[in-house]
Amino acid sequence: MNISRKITLAIVFIGAVFSFQETVAQVKIGYTNPARILSELPEVAEVDQQIESMITESDEELAQRATELQDIFTQYESSMGTLSEQERMSREEELIELNQQFEQDREAMMNRIRQRRSELMAPIIERMNTAMEEVAEEMDLDLILNEGTSAGDAIVFFANSEELDVTDRILEKLQ
Amino acid sequence: MKKLSILVISLFIAFSATDMAKAQEETKIGFVNPQAVLAKMPEMRAIQQRLTNFAEQKQQELAQKEREFQTAVAEYEQKAGVISEEANQREQERLGQMQQELTVAQREAETALQQRRQELLGPLFQQIGTAIDAVSEEMGLTMVLNTTTSAGDQIILYASQEYQEKYDITDAVMQELGVFN
Numbered sequence: 001m002n003i004s005r006k007i008t009l010a011i012v013f014i015g016a017v018f019s020f021q022e023t024v025a026q027v028k029i030g031y032t033n034p035a036r037i038l039s040e041l042p043e044v045a046e047v048d049q050q051i052e053s054m055i056t057e058s059d060e061e062l063a064q065r066a067t068e069l070q071d072i073f074t075q076y077e078s079s080m081g082t083l084s085e086q087e088r089m090s091r092e093e094e095l096i097e098l099n100q101q102f103e104q105d106r107e108a109m110m111n112r113i114r115q116r117r118s119e120l121m122a123p124i125i126e127r128m129n130t131a132m133e134e135v136a137e138e139m140d141l142d143l144i145l146n147e148g149t150s151a152g153d154a155i156v157f158f159a160n161s162e163e164l165d166v167t168d169r170i171l172e173k174l175q
Numbered sequence: 176m177k178k179l180s181i182l183v184i185s186l187f188i189a190f191s192a193t194d195m196a197k198a199q200e201e202t203k204i205g206f207v208n209p210q211a212v213l214a215k216m217p218e219m220r221a222i223q224q225r226l227t228n229f230a231e232q233k234q235q236e237l238a239q240k241e242r243e244f245q246t247a248v249a250e251y252e253q254k255a256g257v258i259s260e261e262a263n264q265r266e267q268e269r270l271g272q273m274q275q276e277l278t279v280a281q282r283e284a285e286t287a288l289q290q291r292r293q294e295l296l297g298p299l300f301q302q303i304g305t306a307i308d309a310v311s312e313e314m315g316l317t318m319v320l321n322t323t324t325s326a327g328d329q330i331i332l333y334a335s336q337e338y339q340e341k342y343d344i345t346d347a348v349m350q351e352l353g354v355f356n
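Taken in order, these protein sequences are the chains called A and B.
Counting in the numbering used here, the first sequence runs from 1 upward without gaps.
Counting in the numbering used here, the second sequence runs from 176 upward without gaps.
Here chain A stands alone, though its shape is the one from the complex (with noise of 0.2 Å):
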C-alpha cells in the first residue's frame, strides 16, 4: 500500500509537470514592425538615394519634352488661321497623338522606376526575413506579427511585455 501510495504520488506528479509542460508549450507570440526596421538601414537609405536621382533624372527628361509639346502646340495654335479645315483637323489628331505617347511614356518610366526598386529591395528584404526568422528560433517564437499596416492602421495595440518587440533584436542581427 506504501508503495502504491508513492506511485500515485509520483503519477500525479509526472501529470502536474505535464500539465505545465503543456502550459509553456503555449503559443508564443511576438511582433514587429517592418518599415521601421528598413527606414534604419543604411542599404535602403542607398536604394531610396538611387531612386531619388532616377526620378530626378526622368522629371528632367519629362520637363523638357513637355516644353517641346507645347511649343508644337503654340505653333500650331497661331497658325490655326492659315490652315484649311481639312488640315486643322489632321494636324490636331497629330497632336493628340503626340500629346498620349507623351502619358504613355511618362507612364512607362514611372513604372521602370518602381520595378527597380523593388529589385533593389528584393535582396533586402529577405535579410530582413532571415534576420527575422533567427530571432524567432533563438526566442522559441511560434509567431512574429506586424505591428500595424502601411497605411498606418495598428494590428497590435498592447503588449505586457517589452521582449514581445522583436524589432530591435532584428535590427541587431543585420548590423
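Just so you know, the hints here were simulated from the structure itself, not pulled from any lab data.
Do not rely on the hints blindly, as some may be mistaken.
To be verified - Chain B regions said to be covered by chain A (calculated; three or more residues, Cβ under 8 Å): (1) 247-253; (2) 323-334.
What the hints assert, rightly or not - Below, simulated DSS-like cross-link-like pairs (lysine-lysine); rule was C-alpha separation at most 30 Å, straight line: (3) Lys28(A) <-> Lys254(B); (4) Lys28(A) <-> Lys341(B); (5) Lys215(B) <-> Lys173(A); (6) Lys215(B) <-> Lys203(B).
Where is the CB? At the ideal position from N, CA and C, for every residue including glycine.
Given the coordinates of chain A, assemble chain B onto it according to the supplied hints.
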C-alpha cells in the same frame, strides 16, 4: 490487484488532469490567407471576366465623354478670337462645367467598379467564412487570424515551420470548399 487498480485510476486522473489543463489553457491560434483561397475558387475566373468587361465598358463611356470635351475645347479655341467677351465668358463657364462633369463621372465609375466587385465577391467571402468556421471547429481552434490585408500588407510576418504545419489552415479551407491548391 488492488494496487494495480489504484495505479490505473491514478494514471487516469493524472492524464485527465493534463487534458483539462490543456483544454483550459492552450490557446490555439490558426491562420488563413483568404486571398489565396479566393484565387483558387472556380467562380473567380468568370467574376474576373465580368469585372474586366464592366471596367472596359466604363472606360469607353469615359473616353467618349473625354472626346466630347476635347472637341468642345477645340471648337471654342477656334472661335475665341472672334466672339464677344461676354460670349467668351459663357463659353469658358460651359467648358469648366463639362470638365467638372468629367471628373465626377470618373469618380462615379471607380465607385461603381468597387461596388460591383463587392457584389460579386461577397457571396464567395461568405462561403470562405463558413468553411473557416467548419475547419476551426473541427480542429478546436480558439481563434483564426487573417495573414494578409486586402491592400497586401502582411499581418503575420513569420510562423515557425512547426506552427505553420499545424495551424495554417489555408489548404484545409480550400479542401472544405472542394477546391484544391
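Could you tell me which of the numbered hints above are not met by this structure, giving the numbers in increasing order?
Structure breaks hints 3 and 5.
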